[in-house]
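Note that the protein sequences, when read in sequence, are chains A and B. Read in this note's numbering, the first sequence has 233 at position 133, and its numbers run on one by one without any break. Read in this note's numbering, the second sequence has 189 at position 89, and its numbers run on one by one without any break.
Treat the hints as calculated values from the structure; they're not laboratory data. These figures come from a predicted structure and were not determined experimentally. Check the hints yourself; a few may be wrong.
It does not matter which identical chain is meant; a pair holds if it fits inside one copy or across any two.
As the list claims (entries may be wrong) - Straight-line distance between alpha carbons at most 25 angstroms, and here's what the computed SDA-like set of lysine to any residue pairs gives:
1. Lys351 to Ala321
2. Lys154 to Gly257
3. Lys154 to Asp294
4. Lys141 to Arg282
5. Lys141 to His283
6. Lys351 to Ala307
7. Lys154 to Met292
8. Lys141 to Leu280
9. Lys141 to Thr329
10. Lys351 to Leu299
11. Lys141 to Pro201
12. Lys351 to Arg303
Each chain, letter by letter, is given below.
2 protein chains.
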Amino acid sequence: MSSTRPYCAAADWGTSNLRLWLLRPDGSPIRELRSEEGLTKVADRNFAGVLDSKLLELGAPEDLPVIICGMAGSRQGWVEAPYVEAPAALADVLQHAIRAPHPARDVRVLPGIAQNGGSHPDVMRGEETQLLGLGERAGERTVCMPGTHCKWVSLDGSRVTGFTTFLTGELFNLFSSASLLRHSVDPAARVMPDNADFLQACRELTAEPDQLPARLFSIRAASLLQGLTPPRASAVLSGMLIGAEIGAARKSFQSANLVLVGAGRLGQLYETALAMAGFAVEIAEAEGLVRSGLFAAANSFWPSPVSSAA
Amino acid sequence: MSSTRPYCAAADWGTSNLRLWLLRPDGSPIRELRSEEGLTKVADRNFAGVLDSKLLELGAPEDLPVIICGMAGSRQGWVEAPYVEAPAALADVLQHAIRAPHPARDVRVLPGIAQNGGSHPDVMRGEETQLLGLGERAGERTVCMPGTHCKWVSLDGSRVTGFTTFLTGELFNLFSSASLLRHSVDPAARVMPDNADFLQACRELTAEPDQLPARLFSIRAASLLQGLTPPRASAVLSGMLIGAEIGAARKSFQSANLVLVGAGRLGQLYETALAMAGFAVEIAEAEGLVRSGLFAAANSFWPSPVSSAA
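Produce the complete structure using the sequences and hints provided.
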């Protein structure tokens, strides 16, 4: 039996999860691993030890180089990779990668991007690697990356010209489980993109995003007065929050050319909402982008893929 | 020693607090009591017993009538006083009071007001009594009642034509103690109305209330990138939330004649914010209004104040 030596390992190491791939010289994955050993679960800051044990599980050579993105590069992570300042070319992210201390491997950690000038400071760490994975294209694009903290990014070619973080996913969780609305909303309801309550609330708040604070309580009132059920209330809340996000974002982000990074049900909710708001939407898949971005970064550090037979 | 028999007792009985007064025939308070025996702390639904024991503490006669507002009239309270539907004359509230079961006293519980028509349902229970306490005046007024759940009300003479509840106080508590922002915000900081961070954030969000979801995360980013301290972050968050509320509200509520119901620091923050937004503000004090409203209601039930010497 023969096996090709992997080109490199690639990791997205966040606060609560680790995703790890062995990549071929062409960037395709050989094997992958998902673990809940996020950074906060690493004892005694033994990041190198945890990484090695996971790479051993995947059968990686002991000297295989590793490229990492995510919170591993934060101040509380393995090694701080200070933010690159926006506006920034994505190539700047590669140039500011930091080597993490490791006895045997070449381990590089990618920095995030900070928006420090102006009155609306913001940060990203991990999403810059997805942007790298999008590949170069001329002209202006908007990238929307839904999740707990949804990032909207303006790209001009491969240059990040500005971005904004919306807490939409976190707000949904907070409102549906910790606010007065918890009595009315079923946080576990699976809202589908053709849900009429979702669509109506989304359309209304996209048109009048300033009315979000004036509408939240109406969910509670509708359950008291009109028998709005908890699953329906969940659809209304989801529509309000996504609608208000898009209504606010379209003032600052161009709508002609938008890449939506997201799969699954949440991606579909955003796709529907963005289309209603007049955005021309192209879909990309988050995990594929991270891997592509990490591979692109690896190629900048280790330009000649080594291929050998074991 | 001689004492005048009180005209009636008046209570604002909410979920977590009870305030109780003995009133003279002219409506002025003889004695008062504040207790944390809110409705949720009453065992075995013994509301009459708890009320009697508090009235005994105040030295009230055993047959003294009692007028009550607040959540005591909700479905989960002592006796349900179903909502009056807006638009509603405040006199309708009096006509729909409900007698609570009591072996010796005449106890009346005032209903709240519901806004059930249209697409923005809302409810109030307790605030209608403060509106009663405002007294009649011709013409249109806006009433703003800050708190955990801030009510904005449109009055035309003594008619409630519409109202909206903003969760502003609850949002501040949630964001500063349960969201990602908790790492950056000191929820206990005492923000003063001349605080420059408060004023700037408030002015910005009053002008662009739709940008609230796009600005929340900047508080976290400013603490990471610019050393924004937790007390300053608290002022920014407070300014953002109050500014966004006022920016949203002024689309629906007239600004020429506004009564702000609120004392203390929170009232001052609103007073400053409302003035910046161009509202002509007159101040009223919440507790005095509740008492006046309860007295006005009592007069409608028991029109001839009994005065006797004991």
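Taking the hints in turn, this is what the structure says about them:
no., hint, in the structure
1, Lys351 to Ala321, "between (31 angstroms within a copy, 21 angstroms between copies)"
2, Lys154 to Gly257, "neither (36 angstroms within a copy, 73 angstroms between copies)"
3, Lys154 to Asp294, "neither (41 angstroms within a copy, 55 angstroms between copies)"
4, Lys141 to Arg282, "between (30 angstroms within a copy, 21 angstroms between copies)"
5, Lys141 to His283, "between (33 angstroms within a copy, 19 angstroms between copies)"
6, Lys351 to Ala307, "both (12 angstroms within a copy, 14 angstroms between copies)"
7, Lys154 to Met292, "neither (37 angstroms within a copy, 52 angstroms between copies)"
8, Lys141 to Leu280, "between (33 angstroms within a copy, 19 angstroms between copies)"
9, Lys141 to Thr329, "neither (39 angstroms within a copy, 28 angstroms between copies)"
10, Lys351 to Leu299, "both (21 angstroms within a copy, 24 angstroms between copies)"
11, Lys141 to Pro201, "within (19 angstroms within a copy, 58 angstroms between copies)"
12, Lys351 to Arg303, "both (16 angstroms within a copy, 19 angstroms between copies)"
Violated hints for the displayed structure, listed by number in ascending order: 2, 3, 7, 9.
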